[in-house]
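Undergrad: Spelled out, the chains give:
2 protein chains.
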Amino acid sequence: MFTNQLALDATTAQRLIELALTPVPDVPLRDAMLYAVRGGKGLRAFLVLESARLYDVGDRAGHAAAAIEALHAYSLVHDDLPAMDNDDLRRGQPTVHRKWDEATAILVGDALQALAFEMVCAPGAGVAGEARAELALTLAQAAGAGGMVLGQALDIAAETGPALTLDQITTLQAGKTGALMTWACCAGPRIAQADITPLKAYGDALGLAFQIADDILDETGSVDAVGKAVGKDAAAGKATFVSLLGLDGAKRRAVDLVDTACDALGSFGTRADALKDAARFVIARDK
Amino acid sequence: MFTNQLALDATTAQRLIELALTPVPDVPLRDAMLYAVRGGKGLRAFLVLESARLYDVGDRAGHAAAAIEALHAYSLVHDDLPAMDNDDLRRGQPTVHRKWDEATAILVGDALQALAFEMVCAPGAGVAGEARAELALTLAQAAGAGGMVLGQALDIAAETGPALTLDQITTLQAGKTGALMTWACCAGPRIAQADITPLKAYGDALGLAFQIADDILDETGSVDAVGKAVGKDAAAGKATFVSLLGLDGAKRRAVDLVDTACDALGSFGTRADALKDAARFVIARDK
Chain A
305 MFTNQLALDA TTAQRLIELA LTPVPDVPLR DAMLYAVRGG KGLRAFLVLE
355 SARLYDVGDR AGHAAAAIEA LHAYSLVHDD LPAMDNDDLR RGQPTVHRKW
405 DEATAILVGD ALQALAFEMV CAPGAGVAGE ARAELALTLA QAAGAGGMVL
455 GQALDIAAET GPALTLDQIT TLQAGKTGAL MTWACCAGPR IAQADITPLK
505 AYGDALGLAF QIADDILDET GSVDAVGKAV GKDAAAGKAT FVSLLGLDGA
555 KRRAVDLVDT ACDALGSFGT RADALKDAAR FVIARDK
Chain B
305 MFTNQLALDA TTAQRLIELA LTPVPDVPLR DAMLYAVRGG KGLRAFLVLE
355 SARLYDVGDR AGHAAAAIEA LHAYSLVHDD LPAMDNDDLR RGQPTVHRKW
405 DEATAILVGD ALQALAFEMV CAPGAGVAGE ARAELALTLA QAAGAGGMVL
455 GQALDIAAET GPALTLDQIT TLQAGKTGAL MTWACCAGPR IAQADITPLK
505 AYGDALGLAF QIADDILDET GSVDAVGKAV GKDAAAGKAT FVSLLGLDGA
555 KRRAVDLVDT ACDALGSFGT RADALKDAAR FVIARDK
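For the protein sequence lines, the chains are A and B, in the order given.
The working numbering runs 304 ahead of the 1-based position in the first sequence.
The working numbering runs 304 ahead of the 1-based position in the second sequence.
Below, a list of computed lysine to any residue pairs in the SDA-like style, where the Cα atoms sit at most 20 Å apart:
id, chain 1, residue 1, chain 2, residue 2
1, A, K403, A, N390
2, B, K536, B, I460
3, A, K403, B, I460
4, B, K403, A, T464
5, A, K542, A, M388
6, B, K403, A, I460
7, B, K542, B, G525
8, A, K403, B, A387
9, A, K345, A, M305
10, A, K403, B, M388
11, B, K403, A, A461
12, B, K345, B, G396
13, B, K542, A, V331
14, A, K542, A, E463
15, A, K403, B, A461
16, A, K542, B, V331
17, A, K580, A, R557
18, B, K555, B, T474
19, B, K403, A, M388
20, B, K580, B, A311
21, B, K403, A, P386
22, B, K403, A, A387
23, B, K536, B, G396
24, A, K403, B, T464
25, A, K403, B, P386
26, A, K345, A, P398
27, B, K536, B, L380
Per label pair, the in silico range of CB-to-CB distance:
id, chain 1, residue 1, chain 2, residue 2, range
28, A, S571, B, L312, 46 to 54 Å
29, B, L312, A, G428, 34 to 42 Å
30, B, G433, A, D471, 34 to 42 Å
Hint data in this document are derived by calculation from the structure and do not stem from the laboratory.
Don't be surprised by glycine CBs; every beta carbon is placed ideally from N, CA and C.
Model the full structure from these sequences, guided by the hints.
TA: If you want it as structure tokens, here you go:
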């Protein structure tokens with residue numbers, strides 16, 4: 305049931321992005337943007353839409369779901385660049401700079417970030433102006449020098465500095481992947497102009513569990529199953545949750561975080577079952 | 305008088321950006337972001353603040369001025385990258401990827417784009433939520449695959465295709481530099497929630513005049529005066545306004561556009577004198 309919903313929500317986000325790009329002239333930029341947003345799991349779109357359904361505003365959340373998928377896609381395209389992680393493979397396909405070129409990949413990422421803010425501010429979405437401004441503000445904070453990009457900068461700085469401690473890795477990951485995951489979970493209450501506290505607690509725990517699961521996959525997964533290069537962190541001697549906690553310790557910590565995430569949604573009863581399933585899925589996935 | 309105001313408005317934008325970056329940890333990212341936003345003319349900040357003063361909302365426009373300067377700085381940092389224009393010099397100083405490295409320059413641009421949306425949505429700015437959402441939406445449209453990034457993509461496509469016609473160059477430049485210039489000019493009426501028609505007409509003409517002046521500088525300026533490489537377009541055999549209209553023809557067209565820009569502000573009388581001065585400055589500048 306959860307995986308069906310995930311596929312539906314991914315499609316909703318995908319279609320809104322395709323619609324937004326329809327007026328763009330037929331230059332490689334447009335094809336490369338569409339290529340970059342295709343094939344994702346759609347987890348973030350699901351988190352936006354499901355948190356919105358929890359507040360009975362699911363029908364107003366499509367644009368926010370598209371926004372987070374566009375923003376996530378941009379971050380992957382830039383992460384994969386030669387000057388960054390220099391990856392050839394993403395979601396089992398050539399990365400954008402391999403299929404096109406570096407200039408196109410830089411522009412695709414830049415345009416996808418702009419598209420994310422365009423989507424989140426879309427007036428046709430039926431969301432109040434105040435709520436759209438708040439969604440855009442918090443998305444910018446989660447994406448920029450106080451969130452995702454900061455996490456990436458800390459990650460790069462760690463490559464040449466001393467190995468990170470558990471606290472430092474937790475801070476780094478809270479920026480790099482956690483901030484946007486939490487944003488997705490808080491989109492529902494923000495659209496409904498309600499208190500974000502329970503969904504923020506859920507999102508914070510989920511984001512960290514997700515990253516621990518990523519580190520476990522990097523250690524134990526195969527490139528065919530994961531769809532991107534694996535074992536790179538260990539090869540680079542980088543500290544990860546697995547290197548610091550051990551494989552079993554990391555798995556236990558991920559399970560604890562999923563419990564924390566589910567507990568945060570206690571007051572919603574069975575209406576939050578899909579989000580609880582999502583939390584369990586995040587640490588059980590094989591890619 | 306106009307140049308004094310320009311310097312003051314540039315400082316206003318600069319200080320708001322510095323303030324926003326104060327909580328960012330001391331990683332190279334932060335220093336490089338501050339480096340990238342320093343030393344600009346501040347023309348776009350002035351256009352935001354002066355258009356706002358025309359509508360008596362100058363005191364609410366600081367964050368929008370900071371936003372456009374952050375966005376402009378991001379576009380320059382990414383434009384200068386080796387995979388794009390591969391420039392070593394910007395505003396007379398080493399470009400970000402030369403002073404730091406490519407990864408830092410990519411992240412600086414990404415974070416500055418996010419910062420632009422954070423600034424424009426800042427709730428402390430005293431701008432109504434509806435107006436902030438509209439400012440962010442239109443900024444995203446002007447910056448992304450229907451505006452600036454599209455212009456850059458068309459520019460790259462032109463390098464390998466047939467020489468562009470005057471119409472095609474006009475379309476390209478309307479995206480590449482014009483859309484954000486027009487956004488800056490429309491910020492005032494948008495903050496005041498007023499009709500943008502006169503400021504849009506002014507901005508459209510100003511943006512095109514600015515780009516023609518840029519092409520003239522690329523042809524006639526010296527690297528010392530301009531602060532960046534010159535003569536690159538001619539060396540690359542790229543069609544420009546100068547190659548298509550001739551030097552005198554390009555100068556005449558720029559003067560006509562400044563007249564069009566000033567005429568659009570006729571209903572404001574002498575209150576629009578600073579904006580008219582700015583239009584004349586744009587085609588008289590030597591950098």
